[in-house]
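Participant: Work the whole structure out from these sequences, hints included.
Protein sequences, first through last, are from chains A, B and C.
So that you can map any letter, position 249 of the first sequence is 249 in our numbering, and since no number is skipped, the others follow by simple counting.
So that you can map any letter, position 90 of the second sequence is 1090 in our numbering, and since no number is skipped, the others follow by simple counting.
So that you can map any letter, position 291 of the third sequence is 2291 in our numbering, and since no number is skipped, the others follow by simple counting.
Just so you know, not all the hints are guaranteed correct.
What follows is a set of in silico ranges between Cβ atoms, one per label pair, in the way DEER data are often shown [to be verified]:
id	chain 1	residue 1	chain 2	residue 2	range
1	A	Q49	C	D2030	39 to 45 Å
2	C	E2105	A	D24	23 to 29 Å
3	B	T1054	C	V2085	47 to 53 Å
4	C	A2214	A	P199	55 to 61 Å
List of simulated lysine to aspartate or glutamate pairs, EDC-like, C-alpha gap at most 20 Å [unchecked claim]:
id	chain 1	residue 1	chain 2	residue 2
5	C	K2289	C	E2272
6	A	K21	A	E53
7	A	K186	C	D2237
8	C	K2203	B	E1043
9	C	K2290	C	D2073
10	C	K2185	B	E1043
11	C	K2155	A	E81
12	A	K151	C	E2075
13	A	K112	C	D2131
14	C	K2203	B	E1086
15	C	K2057	C	D2022
16	A	K186	C	D2240
17	C	K2057	C	E2002
18	C	K2203	A	D161
19	C	K2057	C	E2075
20	A	K184	C	E2241
21	C	K2136	C	D2109
22	A	K151	A	D161
23	A	K184	C	D2248
24	C	K2290	C	D2259
Hints in this document: simulated from the structure, not taken from any laboratory.
Even glycine gets a Cβ: it sits at the ideal position worked out from N, Cα and C.
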Amino acid sequence: METARPSLTMGPVYYLWDSAKWRDFHFRIADEAPFERVVIGETVCSKRQHFIEPHIAEVIERLENAGKTVLLSTLALVTLERESRLIRELARDSEYMVEANDLSALGLLNGKAHSVGPLINVYNSATARLLAGRGACRICLPPELPFSSVKRVIAETPGVDFEVFAFGRMPLAISARCAHARSKGKIKDSCQFVCSDDPDGLPVKTLDRQSFLALNGVQTISHTCQALLGELPDLAACGVSAIRISPQDCDMVAVASLYSAALDGAIGADEAVDKLRMLYPAAPLSNGFHHAREGAAWVARARDTAQAG
Amino acid sequence: MRFPATLAAPLNVIPMAAIERTTSMLFQRVTTQHPHLFARLGEHIEKRFAFMPTDIPLVFVVSPAQPSIHVARRLPVPPTADASVEGPLFMLLALLEGRCDADALFFSRDLTVNGDMEAMLAMRNALDDCDIDLPRDLSALAGPLAPIVGRVAESIRRRALTEEASRWN
Amino acid sequence: MELICPAGTPATFREAVDAGADAVYCGFRDETNARNFPGLNFSRDELREAIAYARSKGTQTFVALNTFMRAGDEEIWYRAAADAVALGADALILADFGLMAHVAEHYADQRLHVSVQASASNVDAINFLVDAFNAKRVVLPRTLTIADIARIAPKIRCEIEVFVFGGLCVMAEGRCSLSSYATGKSPNMNGVCSPASHVRYRKEADELVSELGAYTINRFAAGEAAGYPTLCKGRFDIADERGYAFEDPVSLDVMGEIDALTAAGVSALKIEGRQRGKAYVAEVVSTLKKALSAKADDRPALLAHLRGLSEGQKTTSGAYEKRWR
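Facilitator: Next up, the structure:
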């Protein structure tokens, strides 16, 4: 069977970047990066909304002019009435496809074509098929999912385009409490946006100074960076339709180009991994979840060596 | 409550064979009374569990698969076991009977668990599901003296538990 | 107001019933529930006996099937649901949409409760589950304030159950992969968090070091109360400041707010702790049962002595109070 080459999707920026940086970043992505689609919109904390709002229209325009499909992301944790209202408006009025990241969005998007983000628990095809029946046409599977499950879900859910989270620090948890603000002596309700000091997350080390996690506002992310490169042929073979790249504070155009070259087979997996380490030296790479191991683990594959040789 | 030192001291001079015989008898008694005691251990049934009272000079190693119990004098090196729990004797007995919550005990650091935590957790949960009542279970062994043994054991236990409870508050 | 009590073993189940639980929740001895701990939970026969015992005392039994079905092994969860229904469970507590759909379709008369693991934290999310699966009750995530609950209650079409006592998840439940990041085992997939199989305690000079997988989760000075190395309750180092980054080792206690919760529209109060011993459960259930019928002024004294049973021996109102955020 001929396997189609997966396309590239850029996920939403999970971090609080300053407005101009956020805008310019997306402009450059629009102009230079080989993404087929780009998801934008605040996903982690509704308090940050106003930072990107002034630039959303021009970013969308630039992305569309560059031939990219735009999707709008919804919030991962919705508790306040104001947040619910935002999601309702988006679900009702958006001209762009909406990507659901919480249950309320899933409920509200019923009957409309939509995307399901990696923060929704899709662990099996019974769930995927249920969501498909309600209008989900794209699903980015959760980073925790092992490859055995990815394969199975895709095989048993025809008619849905699946994505796999293949680059970026992994979203591991979200809380009503803001550990990021607390670490700087603030609380969520008067946080003064201290998370903007850490555009790539605030490192959490163990008491023995092992690098472990990172804080991004109310979200906890991995210290390691998910990197599925040697795994791309398997992912393509099992029918993954797009590879999701989650933005970090590094040269994302180069990261996207690297993944694109790896998908084309223009660069061997070993070489790609070495290059990725240079492009994003802030964090060690990991692929443990994919291999049904602890998420922080790095599983070097025999195939990598074979390809390099 | 600690085991009184005056009572613990003679344990150093009583021959091990005698201690082991008595312990085995008590152990058999409990396992006969509670035939399903170790069913909950699942895959952990093959492991060895050391119970190490800090206030008497003995350690007890239980092999649920046999089932058997082995007693040894306490040495500076820990006994060979997959998992061990250390603490005052009365606390270990209370744990055995499910009368004290092991989590609560551990949080106040009265018990120390080492080795295979999962196995010890399985053991704790297995014990917790059995209505072990040492005064009741063991008094039968004492024949005609049963009521007295039962009452004495009961009163010691009550005293130990009351002391612990008051210390929590 | 109903009191919903945990049971990890048949002995605890009986204690909870005897102590006055309105309902007891429990799970099968496998990965179909979020307390898949060694030595815990119920065989089919044990559940049958437990349900019969509960019935004889007018107590309900809720069966938690609140993990997410592993792709390819859905049959394990489907069979668990079929058995729980056949054994007469008064409600199934579910988190996975696929499983909810299966239960709603095959056992339309079975009462379905939404597990806290489903993370239904707002009106639209809850009504989605009511409409799609005919959910009768939602267990709210521990991310809401009492004011949030009061605002939600009149707008949803099902009952509300909230956690009031016991362990506290800092993260939105059912949306946390911290455990599997460190150990490969997660609440969602394996029904365990910070599993004992990956826990190690080690003495280093005077300190007790607790580790989970390859990571140090805490260090305790001599004499300091030590806790289980649950990942989100560890002490970490952030920009050279050391402390509890996510949450102190406290447990939840909002029994002081019973009246406010009642006024907010809550129908049932839930006690966490299927992994706790029967002594703990008996003590907590009987005390909280008394507290429920006591006058507000008499409650603090009743509740005070439960504190010693709490993790780290300190308690918090958690997200129910806004400043916790």
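Participant: Against this structure, judge whether each hint is valid.
Facilitator: Checked hints:
{"no.": "1", "hint": "A:Q49 <-> C:D2030: 39 to 45 Å", "in the structure": "holds, 43 Å"}
{"no.": "2", "hint": "C:E2105 <-> A:D24: 23 to 29 Å", "in the structure": "violated, 50 Å"}
{"no.": "3", "hint": "B:T1054 <-> C:V2085: 47 to 53 Å", "in the structure": "holds, 49 Å"}
{"no.": "4", "hint": "C:A2214 <-> A:P199: 55 to 61 Å", "in the structure": "violated, 28 Å"}
{"no.": "5", "hint": "C:K2289 <-> C:E2272", "in the structure": "holds, 15 Å"}
{"no.": "6", "hint": "A:K21 <-> A:E53", "in the structure": "holds, 13 Å"}
{"no.": "7", "hint": "A:K186 <-> C:D2237", "in the structure": "holds, 17 Å"}
{"no.": "8", "hint": "C:K2203 <-> B:E1043", "in the structure": "violated, 28 Å"}
{"no.": "9", "hint": "C:K2290 <-> C:D2073", "in the structure": "violated, 44 Å"}
{"no.": "10", "hint": "C:K2185 <-> B:E1043", "in the structure": "holds, 18 Å"}
{"no.": "11", "hint": "C:K2155 <-> A:E81", "in the structure": "holds, 12 Å"}
{"no.": "12", "hint": "A:K151 <-> C:E2075", "in the structure": "holds, 18 Å"}
{"no.": "13", "hint": "A:K112 <-> C:D2131", "in the structure": "holds, 17 Å"}
{"no.": "14", "hint": "C:K2203 <-> B:E1086", "in the structure": "holds, 14 Å"}
{"no.": "15", "hint": "C:K2057 <-> C:D2022", "in the structure": "holds, 10 Å"}
{"no.": "16", "hint": "A:K186 <-> C:D2240", "in the structure": "holds, 17 Å"}
{"no.": "17", "hint": "C:K2057 <-> C:E2002", "in the structure": "holds, 15 Å"}
{"no.": "18", "hint": "C:K2203 <-> A:D161", "in the structure": "violated, 51 Å"}
{"no.": "19", "hint": "C:K2057 <-> C:E2075", "in the structure": "violated, 33 Å"}
{"no.": "20", "hint": "A:K184 <-> C:E2241", "in the structure": "holds, 10 Å"}
{"no.": "21", "hint": "C:K2136 <-> C:D2109", "in the structure": "holds, 11 Å"}
{"no.": "22", "hint": "A:K151 <-> A:D161", "in the structure": "holds, 13 Å"}
{"no.": "23", "hint": "A:K184 <-> C:D2248", "in the structure": "holds, 16 Å"}
{"no.": "24", "hint": "C:K2290 <-> C:D2259", "in the structure": "holds, 14 Å"}
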